[in-house]
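Novice: Those protein sequences? They're chains F and Z, same order as listed.
For the first sequence, counting from 1, position 195 maps to 203 in the working numbering; every step adds exactly one.
For the second sequence, counting from 1, position 177 maps to 185 in the working numbering; every step adds exactly one.
Just to be clear, a hint being listed does not mean it is correct.
Pairs involving identical chains hold if they fit within one copy or between any two copies, as the list cannot separate such chains.
[Unchecked claim] No more than 30 angstroms apart at the CA atoms, straight line, and that leaves these computed lysine-lysine pairs for BS3-like:
#	residue 1	residue 2
1	K76	K38
2	K38	K126
3	K113	K186
4	K99	K126
5	K76	K113
Read the hints as simulated data drawn from the structure, not as lab findings.
2 protein chains.
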Amino acid sequence: MATKQRYYIQSQQIREHSIKIEGEDVHHIKNVMRMKIHDTVFCFDEQGIVYESEIVAITDHILLAIKKQGQEHTELSKNITIAQGLVRREKVEEVIKRLVELGCKEYIPVQMNRSIVKPIKDKTMRWETIIKEASEQSHRTSMMKVQQPISWQDFFTYARNYDCCLFAHLGEETPHLKTYLSTCKQDKVLIVVGPEGGFDQSEVINLKKHGFLPVGLGNRILRTETAPLFIMSACSYELGE
Amino acid sequence: MATKQRYYIQSQQIREHSIKIEGEDVHHIKNVMRMKIHDTVFCFDEQGIVYESEIVAITDHILLAIKKQGQEHTELSKNITIAQGLVRREKVEEVIKRLVELGCKEYIPVQMNRSIVKPIKDKTMRWETIIKEASEQSHRTSMMKVQQPISWQDFFTYARNYDCCLFAHLGEETPHLKTYLSTCKQDKVLIVVGPEGGFDQSEVINLKKHGFLPVGLGNRILRTETAPLFIMSACSYELGE
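Construct all of the structure, not just a fragment, from the sequences and the given hints.
Specialist: And the structure:
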């Protein structure tokens, strides 16, 4: 449907032909978008259904009457997950926001030897707000998952869920990411990026031992916060979706 | 050579087997990197020559003795230029930084109908500093050009320098960027992105009239500051460079 602002809703907010908006979104619709009775609001749910609806009541909540609904397909056909050495808060937030737009399914911050920040738990609430907003803006119909920062050991346990595991690596001998992606048949792809300063040597050995394949990202050195955006752009581009 | 910090130098700084560093870089080498006599410094020039050199004197300038030199190829084989509707300063700076890393040759801010900021002249000094730093960090050997913001009319005059002109466009009927890039034989490619809110209808008509082809960037709506990063990532990925 239209390219307007959208609001993510959960199934329990829908009752027959109406939608009840509560919480932060009420403020956004009333005070940021300054919408009035009869204005059109677009909502979407986890199933990829987009609801074109009309405002019928504005109190401490907002009541919408559903006018039209339709299925949308804005998700990539593969599950692409990006793991990254833990980096500073502002950078993580920037990366998360862009990864949502680019269609990433899951983001995993990993404690690595050269990570200069310590993992802070309970950042996920804030991250989820960023993800919700970026999903609404980019018209995604599924929320990117974001993990609490995990340890290097737990990371390898988690990686067993994936069919294809790659890691971004410098070096002239390393095959370009394109070599794998352009022929990739697997549906669940995990790609790991180092923190600032990159993986240390023991980590590279460990990655290879666990079956991760090294891939190059081109002839230039990308910052750790640029690498995930390059990778997700490449995946989305390769799939043409 | 190594993946260390590098310093961009101009040919007049080289005298036989030595390099003279002046200005801001002296502070960076002395106080940020805390380097001493005999430490190794990597420099590069506009011709793509990388100089491995040793510090031989530190005064108000720094004198380096060249130990080794070699040609490097970190530039994309095509000239990819990104033009974008004028956006806010922080966003322009963020975009410029990432475009340098991703191998973009030139960035052109263009005044468009929905640009919410007015063009400010003389930002180029600041932009050039950002470009120099990002080039040093990403190991580029040529400086991305950045234009003063130009008008919509001047933009079309300038676009005549390009063999292939594309513009990012929403809509289900629009062929994906990949359709063109994967078969593109042209060397000079110009890709235009709208400001926040996108191109208006008259601009779309104008672009088509001037021979610009619409391309889609995938099924999700990208923010105006994400679109250039997606496009440059796609170009770099497609070239495998």
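Novice: Each of the hints needs a verdict: does it hold here or not?
Specialist: To see whether the hints hold, each was checked on the structure:
1. K76 <-> K38: within (22 angstroms within a copy, 65 angstroms between copies)
2. K38 <-> K126: between (39 angstroms within a copy, 29 angstroms between copies)
3. K113 <-> K186: Intra 20 angstroms, inter 22 angstroms, cutoff 30 angstroms: intra and inter.
4. K99 <-> K126: Answer is both: 14 angstroms inside a copy and 28 angstroms across each meet the 30 angstroms cutoff.
5. K76 <-> K113: For K76 and K113, the Cα distance is within 30 angstroms only inside one copy (28 angstroms; across copies 46 angstroms).
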